[in-house]
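Trainee: Residue strings, one per chain:
2 protein chains.
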Amino acid sequence: MARNETRRRELADAGLRVLARDGARGLTHRAVDGEAGTPVGTASNYFRSRDALVRGLVERIYERLTPDPEVHAELAARTPSRALFADYVRDIVTRLTAERDTTIALFELRLEAARRPEVAEVMTAFQRESFAGDVAFYLAAGLPGGAFEVALFHYAIDGLLLDRLTTSIDPDTSTDAVVDALVEGLLPGGSTA
Amino acid sequence: MARNETRRRELADAGLRVLARDGARGLTHRAVDGEAGTPVGTASNYFRSRDALVRGLVERIYERLTPDPEVHAELAARTPSRALFADYVRDIVTRLTAERDTTIALFELRLEAARRPEVAEVMTAFQRESFAGDVAFYLAAGLPGGAFEVALFHYAIDGLLLDRLTTSIDPDTSTDAVVDALVEGLLPGGSTA
DNA sequence: CGATAATCACTACACCCGTTGTGATTGGAG
DNA sequence: CTCCAATCACAACGGGTGTAGTGATTATCG
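Chains as they are written, first to last, in the working numbering: chain A, 1 to 193; chain B, 1001 to 1193.
Where hints are given, some of them may not hold.
[Said to hold, decoys possible] On the chain A side, residues computed to face chain B include the following (Cβ under 8 Å):
no.: 1; residue: Arg21
no.: 2; residue: Glu112
no.: 3; residue: Phe131
no.: 4; residue: Ala151
no.: 5; residue: Leu152
[To be verified] One-sided excerpt, in silico: chain A residues whose CB lies under 10 Å from chain B:
no.: 6; residue: Asp22
no.: 7; residue: Phe107
no.: 8; residue: Arg115
no.: 9; residue: Met123
no.: 10; residue: Thr124
no.: 11; residue: Gly159
no.: 12; residue: Leu160
no.: 13; residue: Asp163
no.: 14; residue: Ala177
no.: 15; residue: Val178
no.: 16; residue: Ala181
no.: 17; residue: Leu182
Hint data in this document are derived by calculation from the structure and do not stem from the laboratory. All figures in this text were calculated on a predicted structure; none of them were measured in a lab. Glycine included, C-beta positions come from ideal geometry on N, C-alpha and C.
Please put together the full structure from these sequences, using the hints given.
Mentor: Shown next, in the form of structure tokens:
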């Protein structure tokens, strides 16, 4: 009997929903079964321990958040420019805001990584890869600077997402306007209004 | 017998340490007692339920993170300028980085606020107040713009702190350099290198 | 100084969780 | 078709957790 990867994914997705909705405290084997609609014990069969469950969730996030190659290709085909990069950033923000559960779960796992080295390991790999991709795109767009500038964007966007997904200090401001302002300010060579 | 506020604070501080070290999952009455060195049952006496405990932690954070009036006054006495604001931001980042436990606990509570309205209430009050203070300082420094620009800083700095306190994408870059670049870019009227 | 009320240490209970084990079921290889 | 190995559903247990309750202690006030 083949390893049932589909069901494993479903369970992991259910786990991410639970993690987003109920927090680390609510993430239990039984809760995952409840969310996935599987009989009690199923999650426990697929992820033999709670650590294994968390690791499974990180790997699933890794799978879900790697950028869509189509969108990526489409963007890469366009003429490199400042506006192109703005679109790139906006796409990321839109996607992560839409996938609220995944993004909140991601924040939970980042905090978990601060405590558990094994989680940190998978997490670091994911972040580094994602970061490297962003830098590559940035350079391909012919923009000045490099890793340092992209890191600035990462910080700002993480903070923006956290604000948007939790208690916001400025809920009335359009998210796009914020992204535009960030691109304007953090990209070298911007207007200085 | 008077309400023992000192002990209540000690318990809350212990709770914040536990929350930072073990996460929401590890935050239990008994763990708080263990951390505080008080007999089992003490935390449960002071915070009658787990919800009450969490609320107590938020209130304690509120207490601990309100800016030091001395430092604030000292800064306010200086000539308003771009460099002054940079120092202001740097002070905040330094303080929050040093108080690692508190800051991580704060992130935990922000995620918790996304789930529990009662936590969100206290959290919103705290953030709004802190934000208003920053805006006031920003305006007093005679800098162009206002709430919108300060919000940008908030996002960027939250993201920076999260990066610094968990798995960093760019651990070798100096935090001060990042802050400088943010001030340079996000403050209207900066150089455009 | 005595009354009073809250703190404090400690106990007890019901509940839930992680983990492990055990047959029944299932689908593919020989 | 037959056998085999992995999946699956389910049960059980040891441990930890939230919560409430109970006297003893102690500080404060009339």
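Trainee: Run every hint past the structure and note whether it holds.
Mentor: Tested hints:
Checking A:Arg21 against chain B by beta carbon gives a least distance of about 7 Å; that is within 8 Å, so the hint holds. Nearest Cβ of chain B to the Cβ of A:Glu112: about 6 Å, under the 8 Å cut. The hint holds. With its C-beta approaching chain B no nearer than about 5 Å, A:Phe131 sits inside the 8 Å limit, and its interface hint holds. The beta carbon of A:Ala151 is positioned within 8 Å of a beta carbon in chain B (closest approach about 5 Å), and the interface hint is therefore held.
About 6 Å separates the beta-carbon of A:Leu152 from the nearest beta-carbon of chain B, less than 8 Å, and the hint is met. Given hint, A:Asp22 at the interface with chain B, holds; its Cβ is 7 Å from that chain's nearest Cβ, closer than 10 Å. Of the supplied interface hints, the one on A:Phe107 holds, with its beta-carbon coming within about 6 Å of a beta-carbon of chain B, less than 10 Å. Because the closest C-beta pair between A:Arg115 and chain B is about 6 Å apart, less than 10 Å, the hint holds.
Restraint check, A:Met123 versus chain B: the minimum CB separation of about 5 Å is within 10 Å; hint holds. At about 5 Å, the closest approach between the beta carbon of A:Thr124 and any beta carbon in chain B falls short of 10 Å, and the interface hint on this residue holds. Because the smallest distance between the Cβ of A:Gly159 and any Cβ of chain B comes to about 3 Å, under 10 Å, the interface hint for this residue holds. For A:Leu160, the interface hint holds, the least distance from its beta-carbon to any beta-carbon of chain B being 4 Å, beneath 10 Å.
The beta carbon of A:Asp163 is positioned within 10 Å of a beta carbon in chain B (closest approach about 6 Å), and the interface hint is therefore held. With a least beta-carbon distance of about 8 Å to chain B, the hint placing A:Ala177 at the interface is held under the 10 Å criterion. The criterion of a C-beta within 10 Å of any C-beta in chain B is met by A:Val178, whose closest approach is roughly 7 Å, and the hint holds. Evaluation of the A:Ala181 hint against chain B yields a held restraint, the C-beta minimum of about 6 Å falling below 10 Å.
With 10 Å as the threshold, the beta carbon of A:Leu182 comes within range of chain B, its nearest partner Cβ sitting at about 7 Å, so the hint holds.
Violated hints: none; the structure is consistent with every hint.
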